[in-house]
Amino acid sequence: MASTALTPTAAPVRNWIPVIILWQVLIGIGLAVAALSLPAQPDAAAWNPILLWGASLLLAAGAIASLYAAFALWRRRSVGRVAAVLVDYLVAVLGGLLGLHLLGVFLGLNALANTFGAGLPWLLVVFLGYLINAAGDRFDGTQREVLFRRAGDLVMAAGFIAFLFFIDTLGGLVWLAGRLAAEPLATGILVVVIGCALIIRLAWGRPVAEALRASHMQDELLSGYIFLSPNLLGFLLFFAGPLILSLYISTTTNVPGGGDAFVGLDNYIRVVEFTVQPLAAPEQPAREVFDVSRYSESFRAFGYVVGVRSPRFWVALRNTLQFVLLAVPLSVIPALVLATVLNSKLPGMSIYRAIYFIPSIAAVVGIALVWRWMYDSTIGWINYFVTLGTQAVGWNDPRIQWLNLPSTALLAVVIMSAWQTTGFNSVLFLAGLQNVPGELYEAATVDGAGTVAKFFRITLPLLAPTTFFVVSTTIIQALQVFEQVYILTNPPGSPADSTLTLVLYLYQEGFNLFDFGFASAVAWVLFAVIFAFTLVQFQRNRQSSVYEN
Amino acid sequence: MNRISMQRFMSYPLVLSLALAACAPAATPAPTDVPAEPTQAPQPTEAPAATEAPAATEAPAATEASAVALRWRTRPDNKEEADVYAGISDQLAAKLGLELAYEPGGTETSSYQDQLITEIEGGTAPDVFWIPGTDVARFATGGYILNLTETAGDFDQGAFYPGPMFHLSFNPETGESGAASGALWGLPRDVSTFGLYLNLDLLEEAGADDPRELAAAGNWTWESFADVTAKVAALGGDKFGYGASNWWGPYGVWVNAAGGSFFTADRSSCAMNTPEAKTGVEFMQTLYGNPNWAVPYGDDTEAAFRAGNLAMFQNGRWATPGVRTVEFNYDVVDLPNGPAGTPGNWLFWGAYVVNAKTEHPAEAWALVQALTEADVQAQVSASGANIPSRVSQDALDAFLGFTPPDNAQAFLNGIADAAKPTAEGPLWAGNWPQVDQVYGAGISAVMSGERSVDDFVATICDEAAPAFTK
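Top line first, the protein sequences correspond to chains A and B. Note that the numbering used here numbers the first sequence so that position 478 is 478, with each residue one more than the last. To get the numbering used here, take the position in the second sequence, counting from 1, and add 1000.
Be a bit skeptical, because a hint or two may be false.
Here are a few chain A residues that sit away from chain B, every Cβ distance over 12 Å (derived from the structure) [to be verified]:
| no. | residue |
| --- | --- |
| 1 | F106 |
| 2 | V306 |
| 3 | V315 |
| 4 | I379 |
| 5 | L405 |
| 6 | T445 |
| 7 | G448 |
| 8 | S472 |
| 9 | V503 |
| 10 | Y507 |
| 11 | W524 |
| 12 | Q539 |
Covered stretches of chain B (chain A as the covering partner; in silico rule of three or more C-beta atoms under 8 Å from a C-beta of chain A) [unchecked claim]:
| no. | region |
| --- | --- |
| 13 | 1276-1285 |
| 14 | 1313-1323 |
| 15 | 1429-1436 |
| 16 | 1451-1459 |
Hints were generated in silico from the structure; no laboratory data involved. Each residue gets a CB set at the ideal place from its N, CA and C atoms; glycine is no exception.
Construct all of the structure, not just a fragment, from the sequences and the given hints.
Right, here's the structure in full:
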C-alpha cells in the first residue's frame, strides 16, 4: 500500500507537540522511578522474585518507550506519536485498574446489583419517556410533534433524576470523595490516568498527525489497534493473564501464617517424583524400604516396589485416561450412527434432532443430580427397571451399586457423559453429512455399491474433517471432566478415589487443601497431556486427510 | 464546543461516577428478614443427664462504639434456622450497640470453608464466622483467625463443654491447652452427637426387639444391635436394618466404640492400625457385607429412611427437622455400646471465630460472647437442630422441649460424660482434609469389598503418613 503523508497543519496546533513531549518525559521518569523503587519496598523481600522483577522490567520498558516517544516527537518523527499513544493507553488502562483497586471499588462490585436494583424501575420510566418522545414521529412537523417531544423529554428527565436519587448517587459520590481523600496514591494515579487520556486525545487527533506528517497507513494502523484493544486487553487480562499467573503460582508454595514462597520447579517435581527400591521379600512392608512420610506405595513387581510422592495424581491420571478411552468412543460412534439416521428423509426427523440435542444444552449440575438419583442402588429408577427385567426373565437381581463400587462408579460417569455429549456430536456429524455431495452416492449406486460400501468408502472418508474435529474436542472435554464427577459422586471422587479425575484432583488440592502452588503445577501437567493428545491427532490427521490431495 | 460535544463531555464523567458510586458499599448492613418471635422454651420432659449445668456467664458489656458495623456468618441447617439467626442478629445489634449484618452460609459440603478462606484472602470475609471444629487448626495456622487470648482477658472457659474448649484453647507453639495456654481461637456455637433414628413400624414388622427397651435395660450392645439389624434384613427386598452416610463421623463411631481412635494420644500420627481400630472396621464391614444389613455404603440413607425402608438411621441431631415429616412412627435411641463399653459417639462442635483481618477485634469478640450466651443458645436450640455448647439448664431445657422425637434425651446421653464421647477436633500436627481423604478412600474400598480389613490396617497409616508431616 502506498503511504501518503497528511498535509501539514497550522502553527498553533503544532504547539501541542511540546506538551505531549513534556508529558512523555514526565511519564518516563515516573515509570523509571517506580521500576527502581519497587524492589526497594519494605515488604519486597516477601514477594516472589519473578513477579517482582517482572513488574520492574515492565515498568522499565514503559519508561524507555515513553522517553523514546518524547525523543522521536522532539525530532518530529511520526513514530513518536504512535509510541506516545500506546504507552499512554497502557498506562491509563493499567493505572486505572490499580487506582480503582486501591480505592476498593472492585470490592464494592457485589453491591452493584443491589444498588442499581433499587433504581431499575425508574429506568422503565425513562424508557416510557423515550417511547413518548418517539411517538412524536407520527406527527412530523406539527405542533403535536413538539408536544410529544417535550413531554417525552420531561418524563425521561424525571425518571432519570428519580433513578439517580434511588441508587443514592450522592451518597456514593461522597463515599468516593472520602476514599480519594484517604488514598492519596490512588488519587495521584487517577490524575495520571486522566492526563494520559487527554494526551491520547491530543496525540491521536488529526492536527498532530498532520503536523508530524504521519502516513495514512500509520494512522489506520494506530486506529486499528486502538479499536482492537478492548478485545486484546480482555484477552490479556482474563485469559493470558490468569495463565501466566497460574504459571507463577505453580512455582510457589504456601507459608504457614500466610503468604507464599518461591520454590522453583519443586511442585512439578512433587507431581512426578517417584522412587524404586528392591524388596528383600515379596511381602516386605514399604515402610522398611523407603520413607513413607514422603512416598506412598504405588505398585510392586519383579522384586521391586515403586513409591510415588503424589499417589492421588497417578490415580487421577489413570482414571482420566480410562474415562477418555471409554467416553470418547461412546460419545462419537453412537453420534455418527445417530447422525446418519437423522440425515435420512424420514418424517419427524427435525423433532428428533432437537430432542437429541437437548442434553447438551441442559445444565450439567441439573443433569448430574437427576442421574445421581437414577443411579441410587436402593431407590433409583435404573435399578428399579433392572429388577423388573430380571424378575420377568427369572434371573437373579444384580442390584448394581452404580456409584458405590469402584468397579462401576467410573462407568456410571461415562454413561452419563456420553449421553450428554452424543446429541451435540451428532449435530456436528449431521452438518458434515449434509456437505457430502449427493452425486457421489448416485455414482456409487450406478457402480453397484451397497449401503455399507457407500458408508465406508464415501461417507466416512469425506467426514474425516468433521470426525477429526469431533474426536479432538471430545477428547479435550473428556480430559477436563469435572462437573459430572463432582456432582454425581459423594464425596467427589469416591468410592475409593475410583472417579478421581485430574481436574477434580487439582480442584481438591487447590480449594480443599489450599495448596494452590501444587494445584497450578498439576493444571500445567494436565495442559501438557491435552497438548500431547491434540498434537498427535493433528499429526495423524495430516497424514490421513482425504482433502489434502 | 457545540452542544453535542458538551453532552458527550458531561456524559463520560457522569457514567463513570455512577458506576463508581454504585460500587460504594451499602451505608448500613443489608436488611435481613425479620423472623417470627423465637419459640418459647417449653418445660423439659426429663432432666438432662449431661454434665452439671452452671449458671450462664454475664452478658458482655455493650461497646460504646455504636457506629461499628460487623458482619457475621453461620452455616444454618435450614431456612428456619437462618431466620432464627437473623432475629438473634437484630436482638444483639440493639443489645451491643453495633450495626450487625447476618449472612447465612451454604449448608452443603466443605465449600463453605473453602469460600470463606477465599474471602478472607480477598479481604471480603465477615468479621465473625462459624467454622467446624476440625478446621480450627487450618484457619489458625493459616493466619485466617485471631488468637483472642489478650482480647478475652480472664474469660471463664469453664462454662462450655471441656472437649471443644480443649481444642479451642490449644496453643500449637507450646502444645498446651486451657485458660493459661496463651491461645483462644473462639467459642463453640453448639454441640451435637449421633443417635439412631428408629422406624418403629418397620422394627415391629420385622419382629425385632425395641432398641429403646434394650437400651433402658442396659442390653443395647453391638450383639443386640446386630440381632435387630439381621431381623430387619430378613424382610428382604428393599428393607434395610442400618444406614449411615459415608463420611468420617459414622465409621469413626465403630472405631471409637471398639476402643480405637483416629489418632495417637498426642494427635500427631495415625492410629487406625491398632487392633481396636481393626475390630471397629471389621464390625462395620460385617454390617455392609451382609445382604440388606446396611444401605450400601455411599447411597442416600436419609432417602431410604424417609421412604420407610430403613429401620435404624444413624445421624446427628441436625437431621431431626427433616425426619419429623416422616409418615411412620419413629423415635431415637442411643448408639449401642461396643467392646470398649461405650457407644463411641462423637461430640461434634463448631466455633465462632474472629477474622484475622477484622478492623474491630474488641467488638467482634463481644459479638462472639453474645452469640454463645445461654439465652441465644436457647433460641437456636428451640429450633431443634442443635444442642447448646454452653452447659446451661435454660438452654438444655429448650432443647429437650423440642419434640418429637420423644427421646431427645438420647442425644444428651451421647454427649454425657458417662458415654465418654470423643470431641471432634482439629489436627495441629497434620492436615485434616488430607487425612480425611486417605481414611475415607480406604474405608470406602473396604466397605465395597475391594480391599480387605487386614490390608487396610496394615497400610492405612503408611498412606496417611504424608498428611502428618505438613
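### Query
Of the hints given before, which are not true for this structure?
1, 3, 4, 5, 10, 13 and 14
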